[in-house]
Amino acid sequence: MKATDISEIEELIRQWENAICEGDLQTILADHADDLVMYDVPEPLMIEGLSAYREGWELFFAHNAAGPDRFRVKELKVVAGDTVAFAYGLLKIGGGPNAVCRLTLCFEKIEGKWQFAHEHHSMPIRLT
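Under our numbering, the sequence shown has 119 at position 100, and the numbering climbs by one with no breaks.
I should point out that these hints are in silico values taken from the structure, not numbers from a laboratory. Owing to the predicted nature of the structure, the values given are computational and were not obtained by experimental measurement. One or more hints might be untrue.
Pair by pair, the computed Cβ-Cβ distance ranges are [what the hints assert, rightly or not]:
#1 G131 to P63: 29 to 39 Å
#2 V60 to G131: 26 to 36 Å
#3 L78 to P143: 21 to 31 Å
#4 S141 to E29: 33 to 43 Å
#5 D50 to L146: 35 to 45 Å
#6 D101 to R145: 35 to 45 Å
#7 F80 to D50: 14 to 24 Å
#8 L146 to D54: 27 to 37 Å
#9 A84 to K21: 20 to 30 Å
#10 G131 to D54: 31 to 41 Å
#11 E41 to R145: 27 to 37 Å
#12 S26 to L146: 36 to 46 Å
Virtual Cβ for every residue (Gly too), placed ideally from N, Cα, C.
Hey, can you work out the whole structure from these sequences and the hints?
Following this line, the structure appears as structure tokens:
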């Protein structure tokens, strides 16, 4: 695990996070694999491909106001190998106290460049 790889991935995540807060769809989609798979909290259960991923963000923007607290990753941890990496943390959405999800991101290094390959959001539920 190289510190440079971890730094590159952390920077990708922060650029992506800031783009979401600003509603910058072009930057959100940058550095994502064409065959990206995302598991999200709202339906559909699974999103496959960059086109469907774009549609998911358009829906998100329709229901969440832009601003600095729209989408923030807290407690970010990154683990990187030579060609694959993953990151995880807690995701605050919209600034509300209860809008917290778990976030896992997976990356693949293609031709020397890290790309988002998988994204997984989940919310805790109480089973009582």
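> Which of the listed hints are not met by the structure?
Replying inline: 4, 9 and 10
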